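Protein chains in written order, with our numbering: chain W, 4 to 172; chain E, 4 to 172.
These aren't lab readings, by the way, just hints derived from the structure by calculation. What you are looking at is a predicted structure, and each value in this text was computed from that prediction instead of being measured. Note that CB positions come from ideal geometry on N, CA and C, so glycine has one too. Keep in mind that a hint or two might mislead.
[Stated by the list, open to error] Here are some chain W residues the structure puts well away from chain E; computed CB gaps all over 10 Å: (1) L60; (2) L62; (3) M90; (4) A113; (5) L120; (6) L139.
[Unchecked claim] Ranges of calculated distance between the beta carbons of each label pair, as one might list FRET restraints: (7) G69/W - P165/E: 31 to 39 Å; (8) I161/E - S105/W: 32 to 40 Å; (9) G69/W - G155/E: 21 to 29 Å; (10) C167/E - S37/W: 22 to 30 Å; (11) N77/E - P106/W: 37 to 45 Å; (12) G32/E - S37/W: 35 to 43 Å; (13) C167/W - T18/E: 22 to 30 Å.
[Claimed, not checked] Reference excerpt, derived from the structure (chain W facing chain E, CB under 8 Å, subset only): (14) Q51; (15) D55; (16) S63; (17) S68; (18) F119.
Number of protein chains: 2
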Amino acid sequence: MTVQITRLPVANLTTDAFLPFGQVIECEGRVGHSINDASSHRFSDLAQLETDADGRLALSIFRASGQMLPLMLNRLERHPLGSQAFMPLNGQSFLIVVCLASPDQMHFNAASLKVFLSNGRQGINFNRGVWHHPLLSLSDGDFLVADRLGSGNNCDEIDISPWCVAIEL
Amino acid sequence: MTVQITRLPVANLTTDAFLPFGQVIECEGRVGHSINDASSHRFSDLAQLETDADGRLALSIFRASGQMLPLMLNRLERHPLGSQAFMPLNGQSFLIVVCLASPDQMHFNAASLKVFLSNGRQGINFNRGVWHHPLLSLSDGDFLVADRLGSGNNCDEIDISPWCVAIEL
């Protein structure tokens, strides 16, 4: 039996390329404005946080273990009730795997699966309901996470192991 | 004429000491729980973000210039419509100056003015309406900021220069 393995190319993370999935959190390429008697420069509204009315938004820290490549992906998840943002706190690079939903919104569109590489100064925010792989840090490090807490099911999962998706750098 | 200068002691930032003003965002001293097939450890709900119904919560980056000590403080501010969180992205230490409101909530209680020092791995979240000094980073660096955006007045300011408050380390 031959197993077909799909190797996904890894793209640099840019605002435009990530637009269908959410926002890139970085100062690069943005103008911002001076605040606090010029002691700080504010790059405002880089990510828009979202929750349903039954939830609330909170900050958490994920302490991530560095993953070895190549990686075989076996699942995706999505949060139907709120957005989810990740910002590296130790300058660590990480991979972001995202996918559009199928037209009926029930499944994912395998052909749209994409992998992005953060340079470690870039965070991301997944829009509500965007299919993504759980956090894939390339070295040990902490991430500040902004997401929705509260009752109700806020995590759908799907097994993608039949697709045999691999990531190599 | 003799000017009376009040020199404020600088306290280490701890969850308990900061409780009247908001939350400390750090893993230290917390248990957390394993997630994502043990590839991450989640320290959840470290800070509770808040906005009024007319606003929304967003992430921004403040690029701060390092401040020289001693510092003379001349104003405090508060955000009546939402919380405001700061997390250092480059491990930089920063000072947090906070103050309780007067019993009528209109002014601040000078006797309660406190200064805390973050070790650079600690962020903070000011509860809605807490009087505080604008960001005082001790070296150049970026901070991830989670706060309320939207219409309406979300910044009260007060001149504290008559108190001649100084900070020294």
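Structure-based check of all given hints:
no.	hint	in the structure
1	L60	violated (4 Å)
2	L62	violated (4 Å)
3	M90	violated (5 Å)
4	A113	holds (21 Å)
5	L120	holds (17 Å)
6	L139	violated (8 Å)
7	G69/W - P165/E: 31 to 39 Å	violated (53 Å)
8	I161/E - S105/W: 32 to 40 Å	violated (55 Å)
9	G69/W - G155/E: 21 to 29 Å	violated (44 Å)
10	C167/E - S37/W: 22 to 30 Å	holds (26 Å)
11	N77/E - P106/W: 37 to 45 Å	violated (58 Å)
12	G32/E - S37/W: 35 to 43 Å	holds (37 Å)
13	C167/W - T18/E: 22 to 30 Å	violated (46 Å)
14	Q51	holds (5 Å)
15	D55	violated (13 Å)
16	S63	holds (5 Å)
17	S68	holds (5 Å)
18	F119	violated (18 Å)
Checked against the numbered hints above, the structure violates hints 1, 2, 3, 6, 7, 8, 9, 11, 13, 15, 18; every other hint is satisfied.
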